[in-house]
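Line by line, the protein sequences are chains R, G and D.
Last residue of the first sequence? That's 1385 in this note's numbering, and every number before it is there in order.
Last residue of the second sequence? That's 696 in this note's numbering, and every number before it is there in order.
Last residue of the third sequence? That's 1003 in this note's numbering, and every number before it is there in order.
Hints are computed from structural coordinates only; laboratory data are not their basis.
Since this is a predicted model, take the numbers as computed values, not measurements.
Note that the Cβ used here is the ideal one computed from N, Cα and C, for glycine as well.
Listed next, the in silico BS3-like pairs over lysine-lysine satisfying Cα-Cα at most 27 Å (straight line): (1) D/Lys-882 with G/Lys-64; (2) D/Lys-943 with R/Lys-1312; (3) R/Lys-1357 with D/Lys-773; (4) R/Lys-1357 with D/Lys-984; (5) D/Lys-702 with G/Lys-64; (6) D/Lys-702 with R/Lys-1263; (7) R/Lys-1312 with D/Lys-1001; (8) D/Lys-702 with R/Lys-1233; (9) R/Lys-1357 with D/Lys-978; (10) R/Lys-1312 with D/Lys-984; (11) R/Lys-1357 with D/Lys-943; (12) D/Lys-1001 with R/Lys-1357; (13) D/Lys-955 with R/Lys-1357.
So, partial list: chain R residues that the calculated Cβ filter (under 10 Å) puts toward chain D: (14) Arg-1232; (15) Lys-1233; (16) Gln-1238; (17) Arg-1277; (18) Ser-1278; (19) Gly-1301; (20) His-1308; (21) Arg-1311; (22) Val-1331; (23) Asn-1332; (24) Cys-1333; (25) Gly-1335; (26) Leu-1339; (27) Tyr-1349; (28) Tyr-1350; (29) Glu-1355.
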Amino acid sequence: MQNKDKAGVVRRDRASSSLKRSSLSPERAAARVVVRKYGGRKRAVIQILQDLQGCFRWLAPETLEAVAAELKMPLAHVYSVATFYRSFSLVPRGQHTCTVCMGTACHVRGGAAILEHFERKLGLRAGQTSPDGEITLERVNCLGACALAPLAVLDGRYYGQMNETKADTILQPILRAGGPAQVRESGPGEEETP
Amino acid sequence: MKLLIDGRAIALEGPATLLEAARANGIDIPSLCDHPWLAPYAACRLCLVEVKGRKGCVPACSTAAEEGMDVMTSTPDLQSLRRGILELILAEHPHACLICCEKPSCDDLKSTIRKTGEVTGCVLCPVNGRCELQRVAEAVGLDRVPFPSHRRSGEVRRDDPFIDRDNSLCILCGRCVRVCHEVRGASVLTFVSRGSETVIGTALDRRLLDSECQFCGACVDVCPTGSLTERAVRYDRPAETETKAVCTLCGQGCGLCVKLRDGRVAGTSPDPEGAVNRGQACVKGRFLVRPALIHPRRLLKPLIRENGELREAGWEEALTLAATRLAGIEPGQISVAASAQSSCEDLFAVHRFAAEALGGPAVAGPWTNSAAAGLRDLGRAAGRAVPLNFRLSDIALAGTIVVIGEDLPVTQPIVGLSVHRAVARGAALIRMNAGEGLRRLSDRLDASGPVLILFGPELLKRGQGQARLAELWDLAAPGGGRLLALDRESNIRGGLAIAEAFPARPAAKAARALYIAGPHPRIAPGKADLVIVQASYRDEHVSSADIVFPEATSFEAEGTFVNIEGRIQVSPTAVAPPGEAWPGWRILKELAARLGAPGFDFASPAEVRIALSAAVPPLAAAAAGGPAFLAEEAGRPAPSVGGPADERPTRGRRLAAPRDPDDYKGLSLAAEIKGLKLVRGRRCPRS
Amino acid sequence: MTTARTHLLVCAGTGCVSCGAFALKDALVAEIARRGLQDEALVATTGCNGFCERGPILLVHPDGIFYQRLAPADVPLLVEEHLIKGRPVRTLMYVPPEGGAPVPKMADIEFFKHQRLIVLRNRGRIDPEKIEEYIAYDGYEGAAKALERMTPEEIVAEVSAAGLRGRGGAGFPTGRKWDLCRRQPASPKYLICNGDEGDPGAFMDRSVLEADPHAVLEGMIIGAKAIGAARGFVYIRDEYPLAVSRVGIALEQARERGLLGRDILGTGFDFELEIVRGAGAFVSGEETALIASIEGQRAYPRQRPPYPAQQGLWGKPTVINNVETWANVPSIIRRGSAWFSGLGTETSKGTKIFSLVGKINNTGLVEVPMGIRLRDIVFAVGGGIPKGRDFKAVQIGGPSGGCIPKALLDLPIDYESLSQAGAMMGSGGMIVMDEDTCMVDIALYFLRFTQEESCGKCSPCRIGTRQMAEILARIAAGEGSLEDIRKLEELASTVKRGSLCGLGQTAPNPVLSTLRYFRDEYLAHIVDHTCPARVCKNLIAYDIDPDKCVGCLLCLKACPVKAISGERKKVHVIDQGACIRCGACLSVCPAKVQAVVKHTGEKARALGGGAPVPKET
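Extracted from the complex, chain R is given alone in its bound form (with noise of 0.2 Å):
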């Protein structure tokens, strides 16, 4: 039986039976699971906060005093942890996530221009997502897939030699709100980030 949570998330059965025994909110179980999988090591923060982003999309408060409850270490620690590393959402994140790689060899391809072009096209600076919640803009200083460059990632799979009209055609569908289009053949979503 699948239980899932407010972000869409499919629980494992036996988090979601503990769900339905305890009176945890979904952060504070989730939490849980995830800090016992690390064996409740404090100096896990960072990997426990990756893993729960990858859960729930974004770090909400809630999400960081669980943690900082469950691994018994002051909220100040993990929130400063969570606003150094730029991996970290504070904010709710979009349903889709492109990103733009600013790494030397896509600025030296145009890469800068890339990225307004795609700033304009979905109303949004880099960092922000859509009121709307469907799209989140990036970008991220250099993916090591420089050979592809200019470089942007569209929901983990990666379109390289990009220029305004392929821009324009693998961000189409989503503006419409669907999903994203085959520019190329691209592998089994093999680049999924987390």
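Keeping the supplied structure of chain R fixed, place chains G and D upon it in accordance with the hints.
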């Protein structure tokens, strides 16, 4: 160890950083992020020095001095580097005054008050004249900042009691974060975000009140700029004088620096050399002394009841009236009560007064049911010596600590710091409620290592208190452990020692007169014909009294206090008492004179101490003046005649509740001072 | 064991996967089955071949025939011609950029010919998710030798004699680091693999971790024996999920074979490895910051000394080395220090992997012997600059490095000569730039990067890089003055000497390096309000050549601010007052037409451009 700094030969006794070595020898290397209480941080980079044989520069704060080092602290290169770094720091800190050409005439021309919403320069800054950054800029000799300024964003946070936070003045030295984490163990303030976006803040940017902050004020004390300030004194001019005094708001006896201006207390801060607290304080000692001393409830003049109302009177009138009325009552029908928040001098005077002037009634006091008394009686019951004295800092060395019934941040904050240090070193900490069964505890205690059991009056409040204490002793003693009594009043140990020296007859069953020198016990005044009260604040006892004598507080009258460690500390007169308040011993001296009682010919606190030392041998060291501890008693059986042991309530009678930890001489600080009300009023944050 | 007469190795590195390597593989498998050749032709996937520009790539053995830019549609022809008729398909082979005949064999292709593979020796020939293939190519022999027949001192001596230097950037002698740690009395000791490859434009470590993770594992096992560590951590950037997965699989397979864990190979030696993921902070590549990150803290660097080899992770002696450094170790132990030190120069032994990216024909990963000339890397291996543009500079060392101009193309690649020239070996990112790259823009790019990634702990870096970036932005926007150059140089000195860690200490390098070799470009921006490379928006103008424009309306439609007017078959015109210089028109103008041009300086101003870009509404 010998090394060279700027060509001078320096000799060092033990390990030291280059910064410590230089400063100890009068060589000033500027720094902003370093602090003697904190581990070196090496972030501001102002203390960079050159060491021969090492490439580049090294930060003096985190470089260990080594034999034969040749250090240069102020070469032209270093000076220009230091200037360059300071220019960068100031590019992100309001520095309009620094580069202003009107500076010399500013004081004369300045016509507006300095309280503004936004600080643009020193003159408008709450800590102008007391700012470390200012000092460094003057030392380095900076008068221009050749970069565009950036203002760290965010409004001034004024939504918490006591402390204001202004991020625009922050230079990210990290001292506040480090002191809150390393020393206080609270971890309330932290670094948020990264790089140029870094700010100091709380988790989720909540108020300090919502972040488990105990408002100890350590962050304010270490902040080198005006970023963290004490709101009440924000725009005050620097203090004129400073006196070191002992805090008497709880039983720990912290050293405080009392700042004075215009003959009034301007504020208090912890004494970095305080033997007990070493520069740390709590919300009360840090922020509440001044409000307490000037509280509207202060009694300023003697009061006499006339026609059902209390009216002001002169001392002569009040003393004469009191003496007359006391003389007309049988000794056996006078009850005397004293407070454990009074100095040894005052308590000695009360006891002598009761003995010589009133025919010897017992003096009731809270020391009877105190944790210290419980421990002492434990020893006497078993005929062995149970040590009462300890050093607060030694708690940090314990391997296992048990805390029973005490919320340390509220009742014993400095003890709490020592406990935190112990835990940081790997000690096990077990917290229990006073009423919990002890079987679970014995299961949890390791066979290895001595255990320290910290307990307070809560433990003895319930029935079977002595029995539980004995059980705890049996758990701790065999392994070399100890029990530490943590009482809440400032002079329980002193009170206990003095009471022992005055054997007295039992208290009157139906007293016709009450002499209350301090609000204890909660004697219902309704039935007595005569109630005389000696107090600092108007409270319920005062309201029902016939004669009221206004008493000076410990900050206004030199006095000796013995803290929970057994440490004897003499606190000087820091400020003149308000109105016509007198020290307690003086009131009793004058009253005794009018009653013709002998033994009161002392004219100063020092003379009281001489008499006190003669009468109370364990306090002999008080007269000597040097640092000393109360003499421990060798194991002896309980005294057979009279004595406070007989004061112990018989079965059935309700024990007095332990004093509210925030009570000061009848003034409930938590109820009367808004800031503390907010702090204490929070739901217990422990999850 | 089946033996096929032909192996078809499909490259499954990131680049090729993004171009459809798996679809290609599926098509091959299907076609081979359809033609009944499944017993004769084996299809397998391997890690990255390095020639990412040309993906999807297929290697056919035993002849070593190299196919590139394949699509599933090419498969039937390939199978028919090459497998059945024995005639390799020339139309699918690599043709050099300058033209000429196709080159059938990988070993003959310029890109591969000059490389010397030590770290990448298993490139294109093993499946990284099959430990037995790694073992088949002498895998774990070095570890066995070290554990069974060498003492810690001997291992350290070998690595020292080989002259291996840290491949992460600074080039510190690896043997010396290990020896310092080995001699520490404290315990336990730890090993860390620094896989936080943050230099933009560098993907060497990514490739190694994805394509040959066992090389790193084996190196760490040897290192653990050398210093006396029982635990190690492999720290991998969060942006490399495939690397995390591959290393995880490698660890499991190594454990299954008794190559990790307790009593490895029955020698009584215990060693266990754990993966720790980064979380998006470039600064956590700095070794003390990395340690802080593993400890669950903010990645704040710490003052050194003490060095991690003395007091590192949790205050214990710790050796941190880069992925590439670790991956060199097995070969050194297996083949001996004399062999390794026979390669390279006097001070820089062995090989180095570079990621050759940017304005270069043969984009990809190359491993070359130290001492090779820069010219050979760019023009021989790299195949020169695309579209016939002129070489301008190579940026080496990422945000800590500098640019090498044309005049220094004959520089041999080694640690000392690079740092003398104002650059740095760095992790190996080599970004080639042509005449269309503006060096002021590049300096600004790197300073912005450093500003974003600065941890913020120390004042010189946190504040100084921001001030430097702002000055550069002003210069790039045509608002700079000569005083700004002096300020930049002064700031550079303060930041360099005052910063706590390597990130800050090297942050000014790109500025200093471009000022050293391209000062005239700075002056052009400041004095002439010109951007010679035609990059800086405020100093350029876009124009449509009326002689070339065919009136196709493409640029009109692409313009986001509708600054282009015109009709079908009529010359289009750009409204300079509205043009935001985004470059969309240039991008969509058909290659055969090339009517859109950029102007700068006087020409631009005459057109009405060369002024601050209008704000977009």
